[in-house]
Structures are given as structure tokens and as C-alpha cells.
Amino acid sequence: MRVVLADDSVLLREGIRSLLGDEGLEVVGEAGDASELLTLVAQTRPDIAVVDIRMPPTHTVEGIEAARTIRSEFPETSVLLLSQYVESEYVMDLLTNGAGGLGYLLKDRVADIDEFIDTLHRVADGGSAIDPSVVSRMVSRPHPGKRPIDDLSTREREVLALMAEGRSNRAIGATLFLGERTVEAHIRSIFLKLGLHPEPEDHRRVLAVLEHLEANAT
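Take 0 as the starting number for the sequence shown in numbering that gives the first Met the number 0 and just add one per residue.
Because the hints were derived from the structure by calculation, they are not lab data. Don't be surprised by glycine CBs; every beta carbon is placed ideally from N, CA and C. Take these hints with a grain of salt, some might be off.
[To be verified] Label-pair ranges, simulated between beta-carbon atoms:
1. Asp150 <-> Glu183: 18 to 26 Å
2. Asp107 <-> Gln42: 24 to 32 Å
3. Phe176 <-> Glu75: 35 to 43 Å
4. His58 <-> Arg146: 34 to 42 Å
5. His120 <-> Leu175: 16 to 24 Å
6. Gln42 <-> Gly125: 21 to 29 Å
7. Leu191 <-> His120: 27 to 35 Å
When you get a sec, could you build the whole thing from the sequences and use the hints?
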């Protein structure tokens, strides 16, 4: 896997570069701002770009804007966004244009090497991953009025939250101590309750996740 890193912290970049090197992944370029990142992506065409959301000059949404450009102009390059804080509105903004090849993790999650590497591979392979802290925060918010998602059982909500993290049916089963067939039954029930009629499985999973996030966003 070929990776480009973008963060204005040289120390963090070097730490991730060392970590990825130890895992046999190749870092083909490093950038300290969004402009440099886009130039590197155009030149190296990496499998994935690991991008800090807040970069110079304003330290607000430079990483988000760069991710949007990469997904539009270089769709073969996946994007894993890193953030110091839970910024769920940015997740929703990007997911509305498709979740494939997109990940969002808090920087603290990098310390869990196995999870970080697994997320990199999943996103680079066209999957998606959303930090569990973001999902938990959205699920816990109270909302007035009744919506289709309110009809989900507690177990179905747990399954949907893990879907939002990009977990496969097997991984969901392992986390919840359920068989794959049971997980599949829960997912069929989720699709039915959310009114997601038969379409390609991946597309319905993304739509279900979007429904989940929209229902729990501010």
C-alpha cells in the first residue's frame, strides 16, 4: 500500500511514517498543508491519503476541502481523515457524497496500531470507517419527534452503529457475539424498517448509515 501523509505537525507525521514502515507500508510523500497534499496526490497517485482535518493557514476545514478535491479529481485515492476532536458535522458532509474509500478517526486511535492499520486497509480497499466515539456521540443524542430509525430495537441499533464504523458482518458478529446469519437477519430488519428496498448491498448499507447519522446529527 502506498500512502501520503498530510499534517502540519512534523512530529506526528514522522511517528506515523515510522509506524507504517514497521508494518510494511510505503509512505510516498508528506505534506504540511492542503496545497502541498494535492500536489503530492497528483504526482504520486497513492492508494490512500491520511489527512489532518485542521491544517494551515486557518486550521479549520482545509483537510475537509482537500479530501473533497481528492475524492472528485483522484477517485482512485482513498482518504482517511484524522482529527483531534469529534467533528461529526464534517463526517456527515463528506458521507453525503458516498462513503466508499473514506474514513474518519480521532488521532488518539492511531496509538492502537492494529486498529489503525486495519482501518487503513479497509478504507484503501474501498470500504469506510467512522470513529466509534463519533458514532457513540450521535447515538446518545435525544431528538424530538418519531422517525423510522426510532423503530429499531436496541440490538439493531448496535448492529447499525457497527455498520457505521465500516465493520463487516463477520466483524459485527464477533463484536456482539452473534452468528453471521443472525447479523444478516438484523441487517435485513434494519433495511426493512428504514424503508431501504432491494438494491446493491453496499449501497443499502451506506444509505442505512446515512440515515443513522442524519437522525443523530444536530
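**OP:** Using the Cβ atoms, figure out if Leu191 sits within 27 to 35 Å of His120.
**Re:** Holds, at about 32 Å.
Subject >> 18 to 26 Å as the expected CB spacing between Glu183 and Asp150, which holds or is violated >> reply: holds (19 Å)
Original post:
That 34 to 42 Å hint for His58 and Arg146 (C-beta), does it hold up?
Top reply: Cβ of His58 to Cβ of Arg146: about 35 Å, so the range 34 to 42 Å holds.
Subject >> 21 to 29 Å as the expected CB spacing between Gly125 and Gln42, which holds or is violated >> reply: holds (23 Å)
**OP:** Indicate whether the distance between the beta carbons of Phe176 and Glu75 respects the range 35 to 43 Å.
**Re:** 37 Å Cβ-Cβ, so the 35 to 43 Å window holds.
Original post:
That 16 to 24 Å hint for His120 and Leu175 (C-beta), does it hold up?
Top reply: 22 Å Cβ-Cβ, so the 16 to 24 Å window holds.
Original post:
Are Asp107 and Gln42 spaced within 24 to 32 Å by their CB atoms?
Top reply: holds (31 Å)
Checked against the numbered hints given earlier, this structure breaks none of them.
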